[in-house]
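Given the structure of chain D, go ahead and fit chain C onto it with the hints provided.
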Amino acid sequence: MTKLNRRQFSTLLGSTVAAGALSMPNITGAASHGAKPKVVVIGGGAGGATAARYIAKDSKGAVEVILIEPTKRYYTCFFSNLYLGGFRDYDSIGHGYDALANNHGINVVHDWAASVDSSNKSVTLASGASISYDKLVLSPGIDMKYDSVPGYSVEAQTKMPHGWKSGTQVQIIKHRIASMREGGTFVMVPPPNPFRCPPGPYERTSMIAHYLTKHNPTAKIIVLDTKPKFSKQGLFQDGWERHYAGMIDWIAPDVHGGIKNVNAATMEIETDLDTFKADAACIIPAQKAGAIAALAGVTDGDWVPVMPASMATKADPNIHVLGDASIAKSMPKSGFSANSQAKVVANAIRGELTDSKVFDARFANTCWSLISENDGIKVGASYKAGAEKIDVVDKFISKNGEDEATRKATYEESEGWYAGITADMFS
Amino acid sequence: MVRAVAILSLAVVMSEVTCANSAGVKGDFEYGQYLAAECVTCHSTVGLDKGIPAIIGWEEASFISVINAYKSKELENPAMQTIAGRLDDEQIASLALYFASLPEEN
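Protein chains in written order, with this note's numbering: chain D, 1 to 427; chain C, 1 to 106.
Bound conformation, chain D alone (with noise of 0.2 Å):
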């Protein structure tokens, strides 16, 4: 977590809204007449940390905000790579909840959403609390669904992890690169489309090398992809080819003819190509909007469908949702689109709530990979909301032959956009 420095920590106090007042609001109380409106938010991530923290910022205590997570530290997603490239330690990328409550007055609850009933705009904890709800704001992120790779579930996946959810999942991956056998084999599934960073199977892909070319030269890394193309993946593949040529072998599904079964027991992942042994692994598989949003009754088949301008759901104009389980088209599924969408739900529920002005929606996105050492690239995109989906604006991408000096910065600018992003989350 960021430090702050005494002036920091000053203008932060400076802005803080009756603090001490406001932690422990009463969570069962009704959304009645005459109380503040109330807004709850599931999920603690990208979305709705941001969310949650712009809500009660900006409406300077006129609207009660509860934020429901599981977690009380919350492990980004999002440069759990670099931690798997030695570039990052675990630490770094966990971060608590305590100045969303101390500086912003929100009420963190930590506990599961069990259901939604929105015809009593109600929310039902697994502890048994019911909370009531004005606005009910939905980030839940990915469910995998373990049935999309034959043989895998949710048994194998300690043996042969998906890692997609960082966390436990992503140290169980460093252990097992770590363990490898000298000349030993990594096999990397990536998930088919629409799924959660894309190019981050390709990043993960690349730090794995960078920590096999330092500690196990002679290993292989092969990646059985389902998709026939990826993000960025010129410019990943000319990095590979620079920094770790001869370790990483890209085949395509027409080459392999598609995962057949994956064994956790033998650790094989059969193809039409052939049955890789694998010494370690990384299965990925499709995935879907996280199972609350299905609960609520908002989902489409696997993802939610939401009015670009305000991102509320087709279904039910009183809850919001957004980041990767929302259908964000033309935005990717990214901690950076999440937090983008945030800012424009935040603005739409406070209007809504408490006449505040709404201003034009606006959102951006930038993902930055990191394929070696101070060898970082880009992509992103401004959008505008139009009227089935979000449009894209302007748009850039890396190029391949850039100098050094560029890629160093361009990975010093992720370095900066982390610290920035969960300051914007979690501060």
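Worth double-checking, as some hints may not be accurate.
[As the list claims (entries may be wrong)] Straight-line C-alpha distance at most 20 Å; calculated SDA-like pairs for lysine to any residue:
hint	chain 1	residue 1	chain 2	residue 2
1	C	Lys50	D	Ala405
2	D	Lys329	C	Thr82
3	D	Lys165	D	Asp91
4	D	Lys384	C	Lys50
5	D	Lys399	C	Lys73
6	D	Lys384	C	Leu87
7	D	Lys314	D	Gly351
[Claimed, not checked] Incomplete in silico selection of chain C near chain D, CB under 10 Å:
hint	residue
8	Lys26
9	Tyr31
10	Gln33
11	Leu35
12	Val40
13	Thr41
14	Leu48
15	Asp49
16	Gly51
17	Ile52
18	Glu74
19	Ala79
20	Ile83
Read the hints as simulated data drawn from the structure, not as lab findings. By construction, the Cβ of each residue, glycine as well, lies at the ideal position given by its N, Cα and C atoms.
Only chain C this time, still in chain D's reference frame:
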């Protein structure tokens, strides 16, 4: 090094654009605060200044000059060119007003 070059070119641009700040368009503080939410994802409101420059406490004229220099692609960095490219004079002036109001770091 890229950053050093950026700051150098920024100084040149600023010296050339003195008093030309957006033809006197007046900024709106509340709008600036809303628009700034897009900036602080990377730049932060407490001046972290790590890999990405802190932009709090800048003089309005300087802020306007720099954003316009990214908008016209005189300053490099494709991310900033994309962000600045769609800002109109009122939006730039509003952002300048808001960021100038935030206390500069020691």
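Now for the hints, and whether the structure bears them out:
1. C/Lys50 / D/Ala405: holds, 16 Å
2. D/Lys329 / C/Thr82: Since the Cα atoms of lysine 329 of chain D and threonine 82 of chain C sit roughly 19 Å apart, the hinted pair holds (cutoff 20 Å).
3. D/Lys165 / D/Asp91: Distance of about 16 Å is within 20 Å: holds.
4. D/Lys384 / C/Lys50: Judged against 20 Å, a Cα distance of about 29 Å means the pair is violated.
5. D/Lys399 / C/Lys73: holds, 17 Å
6. D/Lys384 / C/Leu87: holds, 12 Å
7. D/Lys314 / D/Gly351: holds, 19 Å
8. Lys26: Violated. Min distance 16 Å.
9. Tyr31: holds, 6 Å
10. Gln33: holds, 8 Å
11. Leu35: holds, 8 Å
12. Val40: holds, 6 Å
13. Thr41: Because about 5 Å separates threonine 41 of chain C from the closest Cβ in chain D, which is inside the 10 Å limit, the hint holds.
14. Leu48: For leucine 48 of chain C, the interface hint holds, since the closest Cβ of chain D sits about 5 Å away, which is under 10 Å.
15. Asp49: holds, 8 Å
16. Gly51: holds, 3 Å
17. Ile52: holds, 3 Å
18. Glu74: Constraint on glutamate 74 of chain C not satisfied, violated at 16 Å.
19. Ala79: Holds, about 5 Å.
20. Ile83: Interface hint status for isoleucine 83 of chain C: holds (6 Å vs cutoff 10 Å).
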